[in-house]
Each structure stands twice: as structure tokens, then as C-alpha cells.
Amino acid sequence: DAGVTQSPTHLIKTRGQQVTLRCSPKSGHDTVSWYQQALGQGPQFIFQYYEEEERQRGNFPDRFSGHQFPNYSSELNVNALLLGDSALYLCASGLGGRLEKLFFGSGTQLSVL
Amino acid sequence: EDQVTQSPEALRLQEGESSSLNCSYTVSGLRGLFWYRQDPGKGPEFLFTLYSAGEEKEKERLKATLTKKESFLHITAPKPEDSATYLCAVRESGYSTLTFGKGTMLLVSP
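Residue numbers (the working numbering), protein chains in the order written: chain P, 1 to 113; chain Z, 114 to 223.
Fair warning: there could be bad hints in the mix.
[Claimed, not checked] Beta-carbon label-pair distances, calculated as ranges:
1. P:L113 to Z:E128: 35 to 45 Å
2. Z:G129 to P:N59: 39 to 49 Å
3. P:Q18 to Z:E130: 45 to 55 Å
4. Z:K176 to P:R57: 18 to 28 Å
5. P:N59 to Z:G142: 12 to 22 Å
6. P:E51 to Z:P223: 43 to 53 Å
Just so you know, these hints were derived from the structure itself, not from any lab. Even for Gly, the Cβ is constructed at its ideal location relative to N, Cα and C.
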């Protein structure tokens, strides 16, 4: 049973560029959440997708956008990259609105130079 | 004001030396308190969910407890493989997302 898979594992970009990160949820899960984790900090909630719609959003600018596909996989897009966007981006999946457990992927390490 | 505060920030133990990690929270309407373990460069790994004061859960050398304002993660006779960052998170009523603390970095020396 595959867990949450994310790609790519590492990415290096320069300021002003755009990036797309991808996530496949754990088998049977239909809800995907994205978190940003800066070095030495806990994960911070970006947004959550359920039934292909953004259901909740954290305190992140509009440069951060996402999408969920019919197969429940998801993308996170970040435009106009800033140095401060360098972080580990985590995808977490769950089932429906209960989300009693969130299962996390290993993340994408984004470095913005 | 942070909703979730973890202490200490870092903890160094000798193998076999038991201790506790603390997570205090200020959210109203707690809908779950979660503990995760995170190894360097990896995503958090689910450990426990606690829902009400007085609840306890155990897994191997770990035991989590919950009161109305805080949770403790007790580590009994730790081994070097228990070295990791332990994250606490809360789910607040009306939300389906988690708010995390900054974590406690645990190092267990042989």
C-alpha cells in the first residue's frame, strides 16, 4: 500500500521563477493538505483540497495556489519565488472531513537562490 | 501568541534515561491533539491522537497523556533510535487543519 508520494524530492530555483510541486495521496484518501516547514520550525498550513476544491486556506499570499485532480492527486504552485520561500513543502492526505489522522509524504525541499 | 508551545526546544538523554516532553495549547474547542515524530529531511510520522482530558495512549517506549491545557509525551528507557524531532499539533473546533508547535529535538546517546 503506497503512502503519500511527493515529487520532486529536491528543487533549486532562482528568485522570480515559478515552481510546481506534486503529491499523490495515500491509497483510499481523498483530502490533500499542503504545509510549509522552514528550518527549525513546525509545519505551517498552506491550504487543503477536497472534492477538487480549496476548502481552507492558511495565511499565505496568492502567489501560492493549488489544484486537485479527479484522482485526488494535487499540485502546489508558487509564483514569483522569494528567498523566504525556501523550505520543505509537505503534502498530507486524509479521508473526508474527519481527518483523524494525517499521513505525510517525505516532502519536497525547495531552495530559492 | 502561539497556540501551541513545546518545551524544551532540545533535549539530550543518555540511553535508558526516561524523560517527558511538554506541549501546551491555548485553542478553544480542542478537536484533537496529535503527536508526530520527524526524522531529518523526512515528513512527520503519525504517533498518537488524543481527544479528551485524562486520555492516555502508548506505543512501545512512548506514552502520551492529555490534560485541559497540555499534553506530555513520556519516553521510557529511550534508545538511540528514538532520536528525532517530536511535533505536537492541535485541531481546533470548526477546522480540519492542524496547527503545529515548533517541536522538541531529542537526542539519545548510547
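Cβ distance range 39 to 49 Å for G129 of chain Z and N59 of chain P, holds or violated: Given a distance of about 43 Å, which is inside 39 to 49 Å, the answer is holds.
For the pair Q18 of chain P and E130 of chain Z, does the Cβ-Cβ distance stay inside 45 to 55 Å? holds, 49 Å
Verify the CB-CB distance for L113 of chain P and E128 of chain Z against the hinted window 35 to 45 Å. Check passed, 41 Å falls within 35 to 45 Å.
Is the gap between the beta carbons of N59 of chain P and G142 of chain Z within 12 to 22 Å? At 20 Å between Cβs, range holds.
Hint check for R57 of chain P and K176 of chain Z - Cβ pair distance inside 18 to 28 Å: violated, 35 Å
Lying within 43 to 53 Å: is that true of the beta-carbon distance E51 of chain P to P223 of chain Z? 49 Å Cβ-Cβ, so the 43 to 53 Å window holds.
Hint 4 alone, counting from the list given before, is not met by this structure.
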